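Asker: Since the structure of chain A is already known, use the hints to place chains D and S on it.
Taken in order, these protein sequences are the chains called A, D and S.
With UniProt numbering applied, the first sequence covers 1 to 688.
With UniProt numbering applied, the second sequence covers 1 to 141.
With UniProt numbering applied, the third sequence covers 1 to 80.
Calculated from the structure, these hints are not laboratory results.
You may find that some hints are simply not true.
What the hints assert, rightly or not - Over 12 Å on every C-beta distance to chain D, these chain A residues come out as not near it, computed from the model:
| id | residue |
| --- | --- |
| 1 | Phe44 |
| 2 | Val55 |
| 3 | Gln85 |
| 4 | Val132 |
| 5 | Glu167 |
| 6 | Gln259 |
| 7 | Tyr414 |
| 8 | Leu459 |
| 9 | Glu562 |
| 10 | Leu575 |
| 11 | Glu621 |
| 12 | Ala657 |
| 13 | Arg665 |
Claimed, not checked - A few chain D residues facing chain S, derived, Cβ under 8 Å:
| id | residue |
| --- | --- |
| 14 | Phe28 |
| 15 | Arg43 |
| 16 | His46 |
| 17 | Gln48 |
| 18 | Ile113 |
| 19 | Arg114 |
| 20 | Arg120 |
| 21 | Trp138 |
Model, not experiment: these values are computed from the prediction.
Every residue gets a Cβ at the ideal spot worked out from N, C-alpha and C, and that includes glycine.
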Amino acid sequence: MKPDRLWFHRGDFLDCVYRLFTRFWLFFLILVLCFPAIAATPRFDFTLENIRHPVFSIRSAGIKLIGAPSPTLEINLGEVAIGKQTWHGLRLRCNPVHIDRESMNCNTGTLQIGERFMTMIFRLSLQHKQFVLEIRPASNKSKEKWRLEVNWQASKWQGVLQVVNGEGKFLADLLPQGDDRIQVHQAILNGNIRLSGNNASVSALSARLGISKLSFSDASGLHAGEGIDLQLDADAQQKRNDWQWRGKITWPEGEIFWQPFYFSGEGHQLTARGTVKDERINITQGEFNLAGTGKADFSAVAGIADQSLQQAWLSARDLELSALFGSIIRPLAVDTALAETEAAGQMNIDWRYQGNDNQELIVGLQDVSLTDAHGRFAVERLNAHIPWNSNEKRDGSIRFSNAQMVGIPLGETYIPIGTDGMRFSIPRAEIPVLDGKMLIENFVASMQASGWQWQFDGLLAPISMEKLTESLHIQPMFGTLSGTIPRMSYANSIMTMDGELVFGIFDGVAVARNLALSGPLSLTPHLTMDMAMYHIDLDLLTRAYSFGNMQGRVDVEIDDLELINWEPVKFDAKLASSAGDYKRRISQAAIKNLIALGGGLAVTAIQKSFLGLFEQFGYAEIGWSCKLRGSVCNMGGIGPATHDGGYMLIKGSGIPAITITGYNRKVDWPELLERLRHAIESGNPIIH
Amino acid sequence: MYKQLVRFMMLVSLGCLLYAGTATAVDFEANTPAVTRLKQNMRQRHGQLVPFYDSGAVGLTRDGLIVLRDANAVPLSGRQSVNSLVAAENQDRNALYREIALANNHPEWEGNIRSTFAQRWIASARSGWWYQQENGSWQRK
Amino acid sequence: MTMTKSYYTPILLVAAGFVLTGCVTINIYFPAAAAEKVADKIIEEVWQTDGNSGKNDRSGNKPGNDVSDKTDSETGKTKP
Numbered sequence: 001m002k003p004d005r006l007w008f009h010r011g012d013f014l015d016c017v018y019r020l021f022t023r024f025w026l027f028f029l030i031l032v033l034c035f036p037a038i039a040a041t042p043r044f045d046f047t048l049e050n051i052r053h054p055v056f057s058i059r060s061a062g063i064k065l066i067g068a069p070s071p072t073l074e075i076n077l078g079e080v081a082i083g084k085q086t087w088h089g090l091r092l093r094c095n096p097v098h099i100d101r102e103s104m105n106c107n108t109g110t111l112q113i114g115e116r117f118m119t120m121i122f123r124l125s126l127q128h129k130q131f132v133l134e135i136r137p138a139s140n141k142s143k144e145k146w147r148l149e150v151n152w153q154a155s156k157w158q159g160v161l162q163v164v165n166g167e168g169k170f171l172a173d174l175l176p177q178g179d180d181r182i183q184v185h186q187a188i189l190n191g192n193i194r195l196s197g198n199n200a201s202v203s204a205l206s207a208r209l210g211i212s213k214l215s216f217s218d219a220s221g222l223h224a225g226e227g228i229d230l231q232l233d234a235d236a237q238q239k240r241n242d243w244q245w246r247g248k249i250t251w252p253e254g255e256i257f258w259q260p261f262y263f264s265g266e267g268h269q270l271t272a273r274g275t276v277k278d279e280r281i282n283i284t285q286g287e288f289n290l291a292g293t294g295k296a297d298f299s300a301v302a303g304i305a306d307q308s309l310q311q312a313w314l315s316a317r318d319l320e321l322s323a324l325f326g327s328i329i330r331p332l333a334v335d336t337a338l339a340e341t342e343a344a345g346q347m348n349i350d351w352r353y354q355g356n357d358n359q360e361l362i363v364g365l366q367d368v369s370l371t372d373a374h375g376r377f378a379v380e381r382l383n384a385h386i387p388w389n390s391n392e393k394r395d396g397s398i399r400f401s402n403a404q405m406v407g408i409p410l411g412e413t414y415i416p417i418g419t420d421g422m423r424f425s426i427p428r429a430e431i432p433v434l435d436g437k438m439l440i441e442n443f444v445a446s447m448q449a450s451g452w453q454w455q456f457d458g459l460l461a462p463i464s465m466e467k468l469t470e471s472l473h474i475q476p477m478f479g480t481l482s483g484t485i486p487r488m489s490y491a492n493s494i495m496t497m498d499g500e501l502v503f504g505i506f507d508g509v510a511v512a513r514n515l516a517l518s519g520p521l522s523l524t525p526h527l528t529m530d531m532a533m534y535h536i537d538l539d540l541l542t543r544a545y546s547f548g549n550m551q552g553r554v555d556v557e558i559d560d561l562e563l564i565n566w567e568p569v570k571f572d573a574k575l576a577s578s579a580g581d582y583k584r585r586i587s588q589a590a591i592k593n594l595i596a597l598g599g600g601l602a603v604t605a606i607q608k609s610f611l612g613l614f615e616q617f618g619y620a621e622i623g624w625s626c627k628l629r630g631s632v633c634n635m636g637g638i639g640p641a642t643h644d645g646g647y648m649l650i651k652g653s654g655i656p657a658i659t660i661t662g663y664n665r666k667v668d669w670p671e672l673l674e675r676l677r678h679a680i681e682s683g684n685p686i687i688h
Numbered sequence: 001m002y003k004q005l006v007r008f009m010m011l012v013s014l015g016c017l018l019y020a021g022t023a024t025a026v027d028f029e030a031n032t033p034a035v036t037r038l039k040q041n042m043r044q045r046h047g048q049l050v051p052f053y054d055s056g057a058v059g060l061t062r063d064g065l066i067v068l069r070d071a072n073a074v075p076l077s078g079r080q081s082v083n084s085l086v087a088a089e090n091q092d093r094n095a096l097y098r099e100i101a102l103a104n105n106h107p108e109w110e111g112n113i114r115s116t117f118a119q120r121w122i123a124s125a126r127s128g129w130w131y132q133q134e135n136g137s138w139q140r141k
Numbered sequence: 001m002t003m004t005k006s007y008y009t010p011i012l013l014v015a016a017g018f019v020l021t022g023c024v025t026i027n028i029y030f031p032a033a034a035a036e037k038v039a040d041k042i043i044e045e046v047w048q049t050d051g052n053s054g055k056n057d058r059s060g061n062k063p064g065n066d067v068s069d070k071t072d073s074e075t076g077k078t079k080p
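Next comes chain A alone, as it looks inside the complex:
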């Protein structure tokens, strides 16, 4: 019961009806041939060992007619095989059967197929040229009835099969079984099928069928349907060598899970009309209406013998993206960043197919918004026109009013894009980032065996560090971020940057290089880079963090910085006073905070008593280093260790001078950060 089966395997359904029909037809042909003999003798016994036909075969068929005044007709078929289906022990019994030269009537017959008993009526009238067969399964309380009526005039004939509460499972079992082994558990059929024809060929067919309570599944349950109601309305007529047909399927109720999709019947409708000619099925006009999402018009030409799609065209306007995302896009994108994305807005699709290497697709988006459930990205008022052709270059555009990427807001942007097979390019685009902008040039993305790859050259126009750190929810920093990116590339899910990013922070300069980010949109992004900062103004820095004032300038080098999920797990950091002549002072509050931060810092008693006396102290040099491995920071200070195993953090000079020595070499990094945060937040020194 694959949806496409009805249309592309014209054979399945029609064949089945046709087979049923030929089955009865040939069966009664045998009867009619025997007819003069039956009428002539009171007793008749006829056995056929084997009847073979491309469609069916019968083994050990016996026809018996006994008794003169009220004769009994008995037909036994040992084995009947149609296609792959086989039935054993078919038995037809008519008592009495009325036979004369013009007619044969059986008003109380029974038909037994294996264990199943059915009551049966048949009437054959040569005078009225009519044959009627009615079967009612005896055990069934649902008043199931199958009625076949055939009328003929010369070579023309007409047949009507009427079904009332028909057990569809029986019919489904007749359908050829594919390898997917879908089992129909239940189906109730109501309606009629009309066939008319000439001699042994069918020239017109019409079906009005209702299928209700249909349920099916395969063994794994990955393809299953329950409680499905379907209305089928189809007509087909033969005009010379072609068939002209039209059909409509309505799905008002029930649910289907077809890995990975789930649909529930809400009045979805498929209508189509077309022709069948020269072993090709042609859908000239089709419409698919997916309730809640929108409708698509389509046409197609397909070969019947090789089941190949030769040509197709599809156009859909104003599809509701929220519904389309939920039912189709998200299930297909389980392993991508789109797996947990909510979407809203409208989508247009135009698709033209003329063989695998000649296709065109145009996707249009109108006022679309995309929001990631984890807040990694969001786009608002996205409008796009993306044309794609398998052979030629196409130009399109993407425009959005605002967006957010890992918390960083992006402003209104227009991006021209070019497509060329599986290669996408952006010649130039300017994306406003916070108060600055990012310039992208020569962007090229292509699909490779290892996945998507892309690269671009870029330029960052000054972005406020304060705003950037705020939107990234990390320690606030002040200054600007700018730089040229000679080449940013992405391959094997690793994003790497050639060149240097230069930040202006705290009146100094910071440089980031050797930047590599793997799994940028995964749960666990890894970032590695080297960083250096020169000539940082301590006065600005300590004021910004209200840490306690310090004056002077420092250089910082952070090598092998590694961040996992944006938290540092490894780095070799070194901080030292910059070379040059500048004022070097440290406030009492800053010293107290440093003491609190460092844990085992030693201040001599004399110096300690000084602390209270002066607000400001002079120093010659500041030095601190930290090798972070995991969560442990191995600390050091200026030069080699002191004689008592400590390390000098601040070397005093002038009057009053202060020297600070640390003793704790291994410090818990999160703990250090926590204390720093506390010192900054309180704006007051904490001394234990």
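Answerer: Below, chains D and S alone, put in the same frame as chain A:
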């Protein structure tokens, strides 16, 4: 000479045992922000998965992942969400094995870590849950 | 005696070789026991079990408490 050789071998094997002891006592690191993040994510998801483990719809595979092994145990309308739960869990499990290997500076250990986890997930599974045996067949615990 | 000696020596040498190479291999091998412990700990955290399967809710709160206790004690340790 023969006795000396035996003695030598005894010493070597003893050394080996000690050595093996120290080798296995080597720190096995699994405490990085990535692992923490993945654990959190998986813990949050676990509550949603338990009913499916219980019903046998979802089973533990021999390669340290999970799979929707009997979709018939889930109502039709729920099968899609189980599918995406399973996909998300497997994504996290794969990332977990990779991250632990990276945390130990031995990316090539990923396969060993996966098979260790495969055994331990199964060993820690509640009775009634389904798991895949070495030969690929399914077994109820 | 000499017979036995000459008979055993090559075997012993081969065996010694095995033992020696075995020794080296152990070193290269993945630390299975430690990995198993780590796996058990992670599984315990993710599945919120602590050996007694079934008592999910009670044990569910435990790791959280453990973690906060640990950080507290660590804070205490590193305080001056």
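Asker: Please go over all the hints and tell whether each is borne out by the structure.
Answerer: Okay, the hints, checked on the actual structure:
Annotated as non-interface, Phe44 (chain A) keeps its C-beta farther than 12 Å from every C-beta of chain D; the closest such distance is 53 Å. The Cβ of Val55 (chain A) lies farther than 12 Å from every Cβ of chain D, with a closest approach of about 35 Å, so its non-interface assignment holds. A cut-off of 12 Å between C-beta atoms confirms that Gln85 (chain A) is not in contact with chain D; the least separation is 25 Å. With a least beta-carbon separation of about 42 Å from chain D, Val132 (chain A) lies farther than 12 Å from that chain, consistent with its non-interface assignment.
The claim that Glu167 (chain A) is not at the interface with chain D holds, since no C-beta of that chain comes within 12 Å of its own (minimum 23 Å). For Gln259 (chain A), the requirement that its beta carbon stay farther than 12 Å from each beta carbon of chain D is not met, with the minimum near 7 Å. Every C-beta of chain D lies more than 12 Å from that of Tyr414 (chain A), the closest at about 34 Å, which supports listing it as non-interface. The claim that Leu459 (chain A) is not at the interface with chain D holds, since no C-beta of that chain comes within 12 Å of its own (minimum 31 Å).
Not every Cβ of chain D is farther than 12 Å from the Cβ of Glu562 (chain A); the closest lies at roughly 10 Å, contradicting the non-interface assignment. For Leu575 (chain A), the condition that its CB be more than 12 Å from all CB atoms of chain D holds, with the nearest at approximately 24 Å. Taking the minimum C-beta to C-beta distance to chain D, about 34 Å, the non-interface status of Glu621 (chain A) holds against the 12 Å cut. No beta-carbon of chain D comes within 12 Å of the beta-carbon of Ala657 (chain A); the shortest separation is about 41 Å.
Annotated as non-interface, Arg665 (chain A) keeps its C-beta farther than 12 Å from every C-beta of chain D; the closest such distance is 19 Å. Given hint, Phe28 (chain D) at the interface with chain S, holds; its Cβ is 4 Å from that chain's nearest Cβ, closer than 8 Å. Against a cut-off of 8 Å between C-beta atoms, the interface hint on Arg43 (chain D) holds, since the closest Cβ of chain S lies about 5 Å away. Of the supplied interface hints, the one on His46 (chain D) holds, with its beta-carbon coming within about 6 Å of a beta-carbon of chain S, less than 8 Å.
Proximity of Gln48 (chain D) to chain S is violated relative to the hint, the smallest CB-CB distance being about 13 Å (cut-off 8 Å). The closest approach between the C-beta of Ile113 (chain D) and any C-beta of chain S is roughly 6 Å, which is under the 8 Å cut-off, so the hint is satisfied. The interface hint given for Arg114 (chain D) is violated, since its Cβ lies 10 Å from the closest Cβ of chain S, which is over the 8 Å cut-off. For Arg120 (chain D), the interface hint holds, since its Cβ comes within 8 Å of a Cβ in chain S; the closest pair sits about 4 Å apart.
Given the 8 Å rule on beta carbons, the hint for Trp138 (chain D) is violated: about 20 Å separates it from the nearest Cβ of chain S.
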